[in-house]
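A.B. asks: Those protein sequence lines, which keep their order, are chains Y and Z. No gaps in the numbering here: position 127 of the first sequence is 127 in the working numbering, and each next residue is one more. No gaps in the numbering here: position 18 of the second sequence is 18 in the working numbering, and each next residue is one more.
Because the hints were derived from the structure by calculation, they are not lab data. It cannot be assumed that every hint is accurate.
[Said to hold, decoys possible] Simulated restraints on C-beta separations:
| no. | chain 1 | residue 1 | chain 2 | residue 2 | range |
| --- | --- | --- | --- | --- | --- |
| 1 | Y | 81 | Z | 4 | 53 to 61 Å |
| 2 | Y | 16 | Z | 300 | 25 to 33 Å |
| 3 | Z | 177 | Y | 95 | 49 to 57 Å |
| 4 | Z | 273 | Y | 120 | 54 to 62 Å |
| 5 | Y | 54 | Z | 22 | 35 to 43 Å |
| 6 | Z | 176 | Y | 93 | 55 to 63 Å |
| 7 | Z | 22 | Y | 202 | 55 to 63 Å |
| 8 | Z | 297 | Y | 93 | 26 to 34 Å |
| 9 | Y | 114 | Z | 11 | 23 to 31 Å |
| 10 | Y | 226 | Z | 297 | 45 to 53 Å |
Glycine included, every Cβ here is placed at the ideal spot set by N, Cα and C.
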Amino acid sequence: MIRFDSVTKTYPKQNRPALRDVSLEIEKGEFVFLVGSSGSGKSTFLRLILREERTDTGMVHVLGKDLSRLSNWKVPHMRRQLGTVFQDFRLLPNKTVAENVAFALEVIGKPRGTIRKTVPEVLDLVGLAGKEDRMPGELSGGEQQRVAIARAFVNRPMLLIADEPTGNLDPQTSVGIMRLLDRINRTGTTVVMATHDQNIVDQMRKRVIELEKGRLVRDQSRGVYGYQH
Amino acid sequence: MRVQFVLSEIGVGLRRNLTMTFAVVISVALSLALTGGALLANKQVSSMKGYWYDKVEVTIYMCNKADAATTPNCAKGAVTADQKAQILSDLKKLPVVKKVYYESEQGAYKNYKEQFKGTPLVNSITPDQMEQNYRVKLKDPTKFAVVASAFNGRPGVQSVVDQRKVLQNLFDLLNGMTRVAYVVLAFMLTVAMLLIVNTVRVSAFSRRRETGIMRLVGASSFYIQMPFIMEAAFAGLVGAGLACIMLLGGRYFLIDNGLDLQEKIPLVSFLGWGPVIQVLPLVLLIGVAMPALAAFVALRRYLKV
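Work the whole structure out from these sequences, hints included.
C.D. replies: Have a look at this one:
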């Protein structure tokens, strides 16, 4: 599903590489936590998977494709097979819940009939049935994140990338979001989630990948947040 | 492709940027009206030059029957075949002469009719009033006097005319104005392009949230960029439409009504509606293509994959 081969990435005008010689593999259907302090390279790791950045050296394979060889015009197609969720939800404030989810399908040219059918389905799945016509501003943070997850999942992606999806939510709400992500994972979707939330990582007991100053320092199945040597 | 979706995005974009859109429309309209005006002025000049103007410098008109009564030079009647042959061979001996064309009465009449089409002059003349003539191309266009002194007053020659003298001043004026128009035009086009680039940039910036999400969910860059390009093209189209109205109105008020040049200068055959209308599709095409291209170039910089 995802394979990093000795990946190094240095941003322009920076001395220290954001990622240094990272190699790992994530299988189909896995649920993986990506942990590490700020500046450890988590975001770069995710941006490389999304092909928002390219590696300096090494190779990133996502969904069987070598991203360094993927030409620019093919990137949108690759991204349609991924779902992405962020800490700040990234919803359109002037569109309703249903329109926000539909937007993801509209801009990739899905027919109206498909949109009308799938949007309520996925809103039901994330537990927002009956709130289709609300505006994002009227929703709680947890509900907004559910909208974002619905949008990410509406295309039934093979892979869901979540960058601190519970970062803006209280613990109670976070648990709900994690249950949802877990359910999505059980449908066969691979989930990669960057997080600072120790409780969540410790409770879920999934694979944990830890980065520190750009290096891969821990890769542990059924791991916890802190060091466990 | 969801047409309705795209159209609503364009509407939103244009309204959000109303003042900029307005500036784009005005500057495109002005620069295109200038473009069309300059093109039409060129057409006017070349239609006024007639058939011979750019080909020869000197015309030697020979006597016809009617001239015998009116021109002392031609008192002996129309030019004879011998005289014609003599003039031709002498012309060819002159070192300044490059080329000599012969024009018969019929040929002269035909060119005359063409040149003064649509003016009162056309019907005032019959073929037998036309003169046979030699149209002379010089190696050095300024050496008119050489030919004039050699042939003026010769038997059979009615007059020797410096072709350039008659209209050169007017043409100089028109050409000068066209050139000024081109310079102003270049500036206007630059301003229009910069405005478009800036408008697109502001537009892309104000919608970075939408475009960011579009990128995220895998919209193609064509799909992301198209609303911006269509916005620019639409503003350009409105500007081009205004330019067309200005051109049509310009001809109407300059030539037919208002200034009424056709009435005041009846000797000149002014451009009809035909040439003006022929220019309009070009104006519209430039009006749409240029802003679209400018937007496309601007987006290369401001919207990455």
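A.B. asks: Do the beta carbons of residue 54 (chain Y) and residue 22 (chain Z) sit within 35 to 43 Å of each other?
C.D. replies: Given a distance of about 41 Å, which is inside 35 to 43 Å, the answer is holds.
A.B. asks: Quick one: are residue 176 (chain Z) and residue 93 (chain Y) within 55 to 63 Å, going by C-beta?
C.D. replies: holds (58 Å)
A.B. asks: Is it true that residue 226 (chain Y) and residue 297 (chain Z) lie within 45 to 53 Å of each other by Cβ?
C.D. replies: For residue 297 (chain Z) against residue 226 (chain Y), whose Cβ atoms are near 52 Å apart, the range 45 to 53 Å holds.
A.B. asks: For residue 273 (chain Z) and residue 120 (chain Y), compare the CB-CB distance with the range 54 to 62 Å and indicate the outcome.
C.D. replies: holds (59 Å)
A.B. asks: For the hint 55 to 63 Å, verify it against the beta carbon of residue 22 (chain Z) and that of residue 202 (chain Y).
C.D. replies: holds (59 Å)
A.B. asks: Tell me if the beta carbons of residue 177 (chain Z) and residue 95 (chain Y) are separated by a distance inside 49 to 57 Å.
C.D. replies: Given range 49 to 57 Å: holds, Cβ gap about 54 Å.
A.B. asks: A range of 53 to 61 Å was offered for this pair. Does it hold for the Cβ distance of residue 81 (chain Y) and residue 4 (chain Z)?
C.D. replies: violated (27 Å)
A.B. asks: Could you see if the CB distance from residue 114 (chain Y) to residue 11 (chain Z) stays within 23 to 31 Å?
C.D. replies: For residue 114 (chain Y) and residue 11 (chain Z) the Cβ distance comes to about 25 Å; the hint holds.
A.B. asks: Mind checking the hinted window 25 to 33 Å against the Cβ distance between residue 16 (chain Y) and residue 300 (chain Z)?
C.D. replies: At roughly 31 Å between Cβ atoms, residue 300 (chain Z) and residue 16 (chain Y) fall inside 25 to 33 Å, so the hint holds.
A.B. asks: Should the hint that residue 297 (chain Z) and residue 93 (chain Y) are 26 to 34 Å apart at their CB atoms be regarded as holding?
C.D. replies: holds (31 Å)
The structure shown violates just one earlier hint, number 1.
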